[in-house]
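Colleague: The opening residue of the sequence shown carries number -14 in the numbering used here; numbering runs sequentially from there.
Please note that the accuracy of each hint is not assured.
As the list claims (entries may be wrong) - Cut-off 27 Å, straight-line C-alpha distance, at most; resulting in silico cross-link-like pairs (DSS-like, lysine-lysine):
(1) K200 x K35
(2) K109 x K35
(3) K73 x K35
As the list claims (entries may be wrong) - Listed next, with one range per pair, are the computed distances between beta-carbon atoms:
(4) S153 x G127: 19 to 25 Å
(5) P104 x A(-7): 16 to 22 Å
(6) E114 x D44: 24 to 30 Å
(7) Q173 x P34: 34 to 40 Å
(8) D172 x D111: 51 to 57 Å
(9) S166 x Y25: 39 to 45 Å
(10) N130 x P11: 20 to 26 Å
(11) A108 x K61: 40 to 46 Å
(12) G122 x R79: 14 to 20 Å
(13) P11 x G212: 20 to 26 Å
The set of hints was computed from the structure by calculation and includes no laboratory data. Glycine residues also receive a C-beta, built at the ideal position from the N, C-alpha and C atoms.
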Amino acid sequence: MIRLYQAAMSTCVQKVRFTLEEKGLPWEGIAVDLHSGENYSPEFRKINPKAIIPVLDDDGDFIFESNNICIYLDEKYPDTALMPTDAKGRATVRELLQLIDEQVHHDSSALTYGIAFRPGVRAKYDTEEKLEAYLAGMPDAGRRNSKREVITKGVDCQECTTAIQRLSLMLTRHEERLQHSDFLVGDQLTIADIAYAPYMTRLTHLNLSGMWADKPAVAAWFDRVCGTKGYQQGIKSFFND
-14 MIRLYQAAMS TCVQKVRFTL EEKGLPWEGI AVDLHSGENY SPEFRKINPK AIIPVLDDDG
46 DFIFESNNIC IYLDEKYPDT ALMPTDAKGR ATVRELLQLI DEQVHHDSSA LTYGIAFRPG
106 VRAKYDTEEK LEAYLAGMPD AGRRNSKREV ITKGVDCQEC TTAIQRLSLM LTRHEERLQH
166 SDFLVGDQLT IADIAYAPYM TRLTHLNLSG MWADKPAVAA WFDRVCGTKG YQQGIKSFFN
226 D
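Make a model of the complete structure from these sequences and hints.
Modeller: Take a look at the structure:
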C-alpha cells in the first residue's frame, strides 16, 4: 500500500498526488499539520530528518523529495508513462525539475509567506524570542534565514523582489518553449508539467496570475494541465478555501 505523508495545500505534496492520480494508483494520505509545526516534531523527524513533506511510504520503502518521488513512481509503475521515451526529452525534464529545486520552490515559498502566511505567523509568534524558537525548528540554515527575512520585513524584502524577478524569467522561458509544443517537453503530459502545476496554482491563489497575462501560450498550457484527471483529483479536490 502506498502511503503519503501530506498536507492539503503543500506545493510539493500536490505534484506527488497529481502523479498518483494521473497514474490511477491507490494510496492513503497521512496528514501532517504544518501550521502547528508537526513536521518539526521528534516523531516526524525520525521519519524525515529534514522535517519536510512529502514522504512516500511504498510498502515500507521510504522515498523523499517530491520530484524524486514522482520519478520513482513513474519508474516503478510504468503504466501511463509520464517521462518522454527519448533520452533528450528525459534530460530536458530533469533540467526543468532542477530549476524547481534551485529556484522556483524557494521563490514560491518566499511569496507565500510574504503575502499569505506572514500575518498569522507574526500573530502567533509575537515576540522575537518566540519567532526565533519557531525558526530554530528548521534544520536548514538557509531556509531559516530566508523565512526570518520574509516574516520580519514582508513583501518589500529582497527575497520577495528576487522571487518575482526569477519567476517572471521562468514564465518568459516557458512562453518561448510552448511556442513549439502543447506541453513543456513535447506534446504529451510529463513530470515537468506536473511539477510546475502547483507553483502556477500557488501564484493564482496569491492573486499573481497577471504575471502571465501577456503570455498566451503559458495560459493555454496551464488550462490544459488543469483539465487533466491528475490535476482535478490530486490538486483541485484538496483546495482549502
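Colleague: Could you tell me which of the numbered hints above are not met by this structure, giving the numbers in increasing order?
Modeller: Of the numbered hints, 1, 3, 6, 10 and 12 do not hold.
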